[in-house]
Structure formats: structure tokens, C-alpha cells
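Residue numbers (our numbering), protein chains in the order written: chain V, 1 to 157; chain Y, 1 to 774.
No lab work stands behind these hints, which were simulated from the structure alone. As the structure is a prediction and not an experimental result, all values here were calculated from the model. Yeah, the Cβ is synthetic: ideal placement off N, Cα and C, and Gly gets one too. Some hints here could point you the wrong way.
Taking lysine to any residue pairs in the SDA-like style, the calculated list, with each CA pair at most 25 Å apart, reads [what the hints assert, rightly or not]:
id, chain 1, residue 1, chain 2, residue 2
1, Y, 642, V, 118
2, Y, 642, V, 126
3, Y, 642, V, 127
Ranges of calculated distance between the beta carbons of each label pair, as one might list FRET restraints [as the list claims (entries may be wrong)]:
id, chain 1, residue 1, chain 2, residue 2, range
4, V, 19, Y, 565, 51 to 61 Å
5, Y, 207, V, 130, 49 to 59 Å
6, Y, 766, V, 130, 34 to 44 Å
7, Y, 510, V, 22, 32 to 42 Å
8, V, 15, Y, 207, 43 to 53 Å
9, Y, 504, V, 118, 27 to 37 Å
Spelled out, the chains give:
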Amino acid sequence: MPPRDPLRFRLNGQPVEVACEAPLVLLDLLREQLNLTGTKRGCDLGTCGCCTVLLDGRPTLSCLTLARLVDGREVTTIEGVTPPNGLSPVQRAFVQHGATQCGFCTPGFVVTATALLRDVPRPTREQIERAISGNLCRCTGFTKIVEAIAAAAGGKV
Amino acid sequence: MASTTSPPFRLLGGRIPYVEGPLKVTGRAEYTDDIQRPGMLVGRLLRSPWPHARLRSIDASAARALPGVFAVLTGEKYPTPFGVLPITHDETAIAVDKARYIGDIIAAVAAADERTAERAISLIKVDAEVLPEYSDPRTGVTRVPEPIHARGLLGSNVQKEVVQHFGNVDAAFAQAAHTVRVRGNFAGVTHAFTEPMATIAESTPDGRLTVWSATQVPHYLHRALSEVLGIPMHRIRVIKPEVGGGFGGKSDPLPHEIVCAALSIETGRPVKILFDREDVFYTNHGRHPTQNDVRIAVDASGQIVGYDIEALIDGGAWSSFGTVTTYYNGVLAMGPYRVPNFRYHGRRVYTTKPPSGAMRAHGGTNIRYSVEVALDMLAEKIGVDLFDLRSRNALPPNSRTVNEFRITSTSFLKCLSAAREKSGWDAKFRKLPYGQGVGLGCGFYISGSNSPIHFTPKMPQSTVHLKADMDGGIAVHSMQADIGQGSNTLLAAIVAEVLGVDLDRVHVQRVDSDVSPVDLGSYSSRVTFMMGNAARVAAEELRDKLVRAAGALLERAPEQLEVAHERIQVRGHPEVGVSFLEALHRAMETSGALLATGSYNSPPMGGTFKGARAGTAPAYSFAAYVAQVSVDAETGEYRVSKVWAAFDCGRPLNRLAVEGQIEGSIHMGLGQVMGESMNYRGARLFNPSLLEYKIPMPQQMPEVEILLVGDDDPEGPFGAKEAGEGPLIATLPAVGNALYDAVGVRFTDLPITPDKVVKGIDQRIREGRSWKGR
Numbered sequence: 001m002p003p004r005d006p007l008r009f010r011l012n013g014q015p016v017e018v019a020c021e022a023p024l025v026l027l028d029l030l031r032e033q034l035n036l037t038g039t040k041r042g043c044d045l046g047t048c049g050c051c052t053v054l055l056d057g058r059p060t061l062s063c064l065t066l067a068r069l070v071d072g073r074e075v076t077t078i079e080g081v082t083p084p085n086g087l088s089p090v091q092r093a094f095v096q097h098g099a100t101q102c103g104f105c106t107p108g109f110v111v112t113a114t115a116l117l118r119d120v121p122r123p124t125r126e127q128i129e130r131a132i133s134g135n136l137c138r139c140t141g142f143t144k145i146v147e148a149i150a151a152a153a154g155g156k157v
Numbered sequence: 001m002a003s004t005t006s007p008p009f010r011l012l013g014g015r016i017p018y019v020e021g022p023l024k025v026t027g028r029a030e031y032t033d034d035i036q037r038p039g040m041l042v043g044r045l046l047r048s049p050w051p052h053a054r055l056r057s058i059d060a061s062a063a064r065a066l067p068g069v070f071a072v073l074t075g076e077k078y079p080t081p082f083g084v085l086p087i088t089h090d091e092t093a094i095a096v097d098k099a100r101y102i103g104d105i106i107a108a109v110a111a112a113d114e115r116t117a118e119r120a121i122s123l124i125k126v127d128a129e130v131l132p133e134y135s136d137p138r139t140g141v142t143r144v145p146e147p148i149h150a151r152g153l154l155g156s157n158v159q160k161e162v163v164q165h166f167g168n169v170d171a172a173f174a175q176a177a178h179t180v181r182v183r184g185n186f187a188g189v190t191h192a193f194t195e196p197m198a199t200i201a202e203s204t205p206d207g208r209l210t211v212w213s214a215t216q217v218p219h220y221l222h223r224a225l226s227e228v229l230g231i232p233m234h235r236i237r238v239i240k241p242e243v244g245g246g247f248g249g250k251s252d253p254l255p256h257e258i259v260c261a262a263l264s265i266e267t268g269r270p271v272k273i274l275f276d277r278e279d280v281f282y283t284n285h286g287r288h289p290t291q292n293d294v295r296i297a298v299d300a301s302g303q304i305v306g307y308d309i310e311a312l313i314d315g316g317a318w319s320s321f322g323t324v325t326t327y328y329n330g331v332l333a334m335g336p337y338r339v340p341n342f343r344y345h346g347r348r349v350y351t352t353k354p355p356s357g358a359m360r361a362h363g364g365t366n367i368r369y370s371v372e373v374a375l376d377m378l379a380e381k382i383g384v385d386l387f388d389l390r391s392r393n394a395l396p397p398n399s400r401t402v403n404e405f406r407i408t409s410t411s412f413l414k415c416l417s418a419a420r421e422k423s424g425w426d427a428k429f430r431k432l433p434y435g436q437g438v439g440l441g442c443g444f445y446i447s448g449s450n451s452p453i454h455f456t457p458k459m460p461q462s463t464v465h466l467k468a469d470m471d472g473g474i475a476v477h478s479m480q481a482d483i484g485q486g487s488n489t490l491l492a493a494i495v496a497e498v499l500g501v502d503l504d505r506v507h508v509q510r511v512d513s514d515v516s517p518v519d520l521g522s523y524s525s526r527v528t529f530m531m532g533n534a535a536r537v538a539a540e541e542l543r544d545k546l547v548r549a550a551g552a553l554l555e556r557a558p559e560q561l562e563v564a565h566e567r568i569q570v571r572g573h574p575e576v577g578v579s580f581l582e583a584l585h586r587a588m589e590t591s592g593a594l595l596a597t598g599s600y601n602s603p604p605m606g607g608t609f610k611g612a613r614a615g616t617a618p619a620y621s622f623a624a625y626v627a628q629v630s631v632d633a634e635t636g637e638y639r640v641s642k643v644w645a646a647f648d649c650g651r652p653l654n655r656l657a658v659e660g661q662i663e664g665s666i667h668m669g670l671g672q673v674m675g676e677s678m679n680y681r682g683a684r685l686f687n688p689s690l691l692e693y694k695i696p697m698p699q700q701m702p703e704v705e706i707l708l709v710g711d712d713d714p715e716g717p718f719g720a721k722e723a724g725e726g727p728l729i730a731t732l733p734a735v736g737n738a739l740y741d742a743v744g745v746r747f748t749d750l751p752i753t754p755d756k757v758v759k760g761i762d763q764r765i766r767e768g769r770s771w772k773g774r
């Protein structure tokens, strides 16, 4: 296969340049090549939302996104929405409200909720439910996840 | 010595955020697939495309010759059978002679990278003779031309048959004032945890084998690896990283875990096997597709006089937990009501489908649905209030069932009254407009199986070790398996509570069989009860050492001292005392780091007849749920708007976790009653993805009002019982009975999908039966 131009994009605020074969998906690039394992692989089919990242600020399924498509764009992973020290308000709310159980879906939910609250600072319950409807959780029944997002929006935590 | 830790508690009974929460919300929690080992190879599996086939020969020469391929394994290398139950070892790591379901492992490859591994898999040629497919358990109950397993009863595909009779059921039914019959049909459902199975194995030149795996039961995996690979357990090290959900699906030792280890032994390199979502669905081990036939007889006053139950259970290709399943589908009907005469005939039949196994509220869910619907029908038939029907039949505390289950604590009556009152039942039942309804369903489940699944029942079921050193931290070791339910948090909280220290001093160590003492892991809703008791004993031993050291410093007898927050002080003179650290450092002067150990084994219980241990538990949980539904009678779509969940888990030790277990259980129960189904055409699974196998969406989740009404259990740690599995059970009949109240149709075929609702309503109308004026 002839060598291709390297892929250049911004990842969690930093410019990166990586070699990338054409069929590679963003999830594989993040987890296998860049060792950012916070983004989880739940289905590889875009059905579970565990691999959600922000692409130019929008929640995006990294398992369905060809890595080449992020050329010149901005990718933010769970590592990128986490402050250098401590937790973000969304993350604090997830901890305090017990919105994690097994935790495997959690990074995807945190990324989705972070984008929601950036765009809609005071979401209704319906808006929260719609925003997270692409993320599956089998442990919590979503109850404490919705509570945590609402609490983070209300600045209660 | 200082008095035992008793209420009021500093931590227990409160809302304790999960100790690993900050790692999970930042993506820093480490799951198996996050682990990289130097030189690690990729393991891939060739799965059977046939539901049933004799493997005449397998030609792997082209795969072996492919550059980058390090090993190709077929079944004959490790043919030792295994299985989670010692009495039904019928699985092999890789199929030997026969493949028994679409997805059965036929060969395995270890290669340098994914692409090479997949190419190698495609080069393996299998010469197979296709054998008869058995997808319907009804056809497997008698002699069949080609039994799936040689161990099927009398040349049939029956894996297990249970016949039990207590009292005299025929006489009871002959004299009964009323009888009712429900024939339930239940599609199979699966766990649908978010983390696919993953295993890494590393065979090292020192003759040892290390296995990291997404497992609920590291100890049973440890045993199975040893048996099949022929390596003594002490040369195998099993490590459990974080596990992304299990619900029973990661409780069997699974073939791929052994295959992964075998590939590492073959190659001398670390090997990882990671499942894709289809692998997860085909591996299944979910709740069994089941048909049951439940007859209940009562006297004129509504007192239950007998149950007569049959169950036909579709086992799939392996035994798995199936012998237990077969018993449970009968004996878990023994509560929460007193049943003086009881007969059960259960059969679990092998089919050429993905194996069924243990899933949350294993064995207790389908039978409970049919029983609770039957009671609803009886109450209506004889004109008795359906709460009264249940309360007058409730098992009393400190009683025995007819099959000799030991009932200690029960707050079932409190569950019933709380659910009735909080749901506003009396203003709603049969009074809401057409299309809206309320329903009651009750629950009963084991709080830890009394029977360990190995041949050494005299050994403890849980052990906890503590080590306190100069830094003032307390390391906690135990093989209990936190799979998200919060057992690490509870373990830390119990230790901190007893010692009086802050939670951040207590560090629960990752499960590692080299250092973690054996606990039997996360299944049978056993962890809080068993690990909790072991943790309490260990912490009290450590506390006693500290109190003695404090006594030496204060020149007081230990009996005069008490534990306070981060401090040991003189009872009645709280100003006189020493800090935790001062006591610890004094105690260390004689021994160095302090060690303590605690263990738990359930007391002797149960009868002496065959199968008497099935369903025995040191305690039982009880539940009464009311669900409210609204149905669109035109489309059959319905929504469960609210569930009032009255639950007896004894004393809840971490309310946040108990609520989380109940909410998650209701979500999972709702999935089974409303729509989840493993859809088979013949033996072929048609929906092996999370797009086609739909779990309920956030918008479908009802409001849940949790009513924790349990009294302290006399033997549970600090009075606690289980809350992990029992909370699922009552959800299903509460919804089913609410649908009857809403539209006047009895649903006994699960899941209750909108098409069945419409069909049921049409049939009711055709039969000329009106309901609430419609």
C-alpha cells in the first residue's frame, strides 16, 4: 500500500500527526495507536455509545467514524473533558449520585452530557433523555444518570 | 473487648458514593481490554456455522503456514471436559468431535495482528457432517436419533429432570375450593452488559500462567483453567480487572478463557482474546426460554393448599448452571407464601442453540411471573382482595417451608402494606379509566446460595484479609468480585465503620488469586451477605488489636474503651483517648504490620432428600411491587409510568447502591416483560446485536419509588440481605397484572409486545367480554 499523507488533527487541545491506514476507524486509532483507553469499545456497530467522543464539539460514535475523516478537525475524548486535577462538574455529579455502576458506559455518557450542558445549560428531563438516548447503560436503568446530569446542570454539586 | 459495632452507624446505612467512581467517570478504570502486554498476540476463534455437526477433520495447515501465525489449536489438544457445576462437566475448551450450536468454538488462532489472525481463521478447512438440528425442547424429551450429548437421559436430549413431591398434592387439589392454572411461555433473554468478554493470558518461563479476565467468579475460572490445562492451581494466577457488567453472563468459566490460556502456553507469548458483540450474543448463557404450567389450589378462605408445577426449560448446547436452573424453576416458588403441598416436575433439555445459563434472579423469574398471575386470577375468581390473599398466605418469620427452607427474617407483610399505601392502590385498582391500570407482583429470592459450587463445602464461602501498616492505610484483600454493584465500596465501608476510620484509609485491592483469599465471587446474590460477614469479622479482629494497644497506652482495660471517629477513647470519658495512628503504631511495636482475617460459611441447613440443597440460603429477600401502566388500545403500545418498589433487603448498608440495584433490576425486568427476546428461527439466532436486541430506552424507564422496609436480618452483616437480584423478579408480574387491570387481558406469553396486546384485546372483544365499560 503506498504511504499516505499523515493524519493531522487536534486531539484534546493538542496537535497530533499520525500515520493512518485508510480503513482505520477513529476508535482503533485512539485506543490501539494513541493508547487513549478511556474511550470504550462496546459493540463496533454504533449501537451502544460507549465509544462516544466529541468531533468539533459534537458527540460522535468513534467506532463508525473513519479516522481519515477527522483530518484537520478537533477530537475531544473522555481524557480531554477531564480537568488536569480533580473532576469536572458532570464527573463530580456522576460520582455523587452513583451514576456509575460497572462504569463501562460511563465515559460515553460523560462526554455526551458535557456537550449537552455546554449547549443547553438548563436542560429539561426530556432534553436529557433525548441527548443520552444513543448511549446504553444496562446497570442503572438510566435513573441516576439522568439525576446526575440534572444536578450538574443545576450546579448542585 | 470493645462492644460489637452497632447502630447508629457513621457510614453504613447512608449514601456512600462508589470508591472507584472517580476512576470510572474519567475513563481511568482499567478493564481487561485496556491492558497491554509486551509482545502480545491476537487470539481469534473459528466458530461453528452449523447448529449440530460431526467434525470429521480439520485442516489447519494453510493457516499454520501463514506468516505471522504463531499457533493454531483444535479440540483434541485440551479435551478435558469442564463446566461450572462439578456434576455436569460437558463443555470442552474447543469442540471435540462435534459442534453443538452456531457459534461453538471449532478452532483458535494466535497471530501477530488482527488481520493475520482473521486471515488464518478463514484458511482453516473443516470437513463436517451436518447432524439433526434440535431447536425445540419438546422434541428432545424422548429418544432422539442423534443426542446432542451422550449424557442425555435415556438417549434423549434431557439434561436434567427433577421430580419433587412434598405433602399430597392430589388430595389437596381434590379437596380444594378453587383452583387456577397458568401456562406461561417465556422467550430467552440475555444479559446485554456493555463490556464484551475479554481475556489476556501470559504463560511465563517460570512455569506460571497469569490470566486477566472479565469474570464474575475468578475462583471458578481458576479451577477450570487448572483442570483443563493440567496445571496445579498454585501455578496459575487469575486477576480480575474492572468488569463492565455481568448479570450472570460472566459467571461460568467460559471456553475462550481457557483457549486464550492454551494459546499463550503454545506460543510462550501473551495472548488477548476480545469478543465482538456477536460473539457475546452467541456465547449467551442468558435466561432460559421456558414453558411452565402452574396450578394453584386454595381452600374456601383463600388459603393456599397446593402448587402443582411443570417446567420445560430450553438449555441450549451446554449444561452450564442448568441443574440448578431446573431445581430453581420449582423450588423458588416456595416463598413468599406458605405452600403445604407441593409437586414439581422440571426438565431442562439440551438444544442446538447458544447455551442458556444464569441471569440475574436466575431460576426465580419465570416461575414467579406465572405464580403471581395465577394469584391475581384467583383473587378475582373468589372475590378476595389480592393484597389480603397474599398477606394471609405469607410465610411467617422463623418458619420452614415444606421442602425445609429455613426462613429467618421476613418483612413481606411490610412490603405489601407499603406498596399498597404509597401507590394509592385502593383509589386506582379497577377504578382507572380503560387503558390504565395498576398491578401487584411479589418477589422472593435467595440471599446467597448455601451450596458452594465445588466439592469442599466445609471451606468458607468468603474470606477477607486486612493489613494495616506504618502509613496508616488498610489494605483489603478478597476474591469477591465487584462487577459494578458496589461490593468494593461496601467492603471498604464495613472495614472503616468497624475501625472508626475515614473511608480513604481503606484500599480494596484488585482481585489477584496470588494474594486475594478465596471468595466465591458475584453470583446467587451472595456478596453483601457473605463477604459482608467475613469483612466484619476481619475488621473486628483488627479493631481488637488496636484497642488492646490503646489500652496499653492509656493504662486501661480494653473493656473500658470504645472506638470513635479516627480515635479510641475511654467509654464515658471521650476526652481521654489516643488517635487511630497512635494505637496502630503502638500495636506494630510487637508484630510489625497488623494482619487480620475473617471468613464466612453459611450454617448447616436444608433437608436430606435428593436436591434438598437447591434453593437453601442463609436468608431470603422479599418484595411487593405495584406498577402503573397506560395502554394505547389501538396500537398496543404501552408505558409503565411508575413502579412502587417495596423491598426487604434487611438493613440497607449503602442506600445509593441498593437504589441503583433496584432501579437497574426494574429496567432489566421491564426489558424482559416488554420486549427483549432472543429471536430464533430454528436454531439460528436472528438478533445478535444491540440494535436488534433492544433494551429499554431512558424514555421507557418508569419513575421508581423505592420503599426499603426490611427489618434487620439476624445473620446478615449489620442486618443486611441481598438487593442485587431479587429486585428484578416482582417487576414482571406487576406489569403483567397491571395490563390486565388496564385492558382486561391476561398475558402469559412473554415478552408482551404491542402486537400481542392488540391481539389480546381483539380476542376479548370477539368473546364478548367487556372491560371497564369497553
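Each hint tested on the structure:
1. Proximity of residue 642(Y) to residue 118(V) is assessed by CA-CA distance (about 31 Å); at most 25 Å being required, the pair is judged violated.
2. A threshold of 25 Å between alpha carbons decides the hint, and for residue 642(Y) with residue 126(V) the separation of about 16 Å falls inside it, so the pair holds.
3. A C-alpha spacing of about 20 Å is found between residue 642(Y) and residue 127(V), which places the hinted pair at or below 25 Å, so the restraint holds.
4. Roughly 57 Å separates the CB atoms of residue 19(V) and residue 565(Y), a value that falls within the hinted 51 to 61 Å.
5. The hint said 49 to 59 Å for the Cβ distance between residue 207(Y) and residue 130(V), and at roughly 56 Å that hint holds.
6. At about 40 Å, the beta-carbon gap between residue 766(Y) and residue 130(V) stays in the expected band of 34 to 44 Å.
7. Between residue 510(Y) and residue 22(V) the Cβ separation comes to about 39 Å, which falls inside the hinted range of 32 to 42 Å.
8. Distance hint check for residue 15(V) and residue 207(Y): the Cβ-Cβ separation is about 48 Å, which falls inside the suggested range of 43 to 53 Å.
9. For residue 504(Y) and residue 118(V), the Cβ-Cβ distance of about 32 Å falls inside the hinted range of 27 to 37 Å, so the restraint holds.
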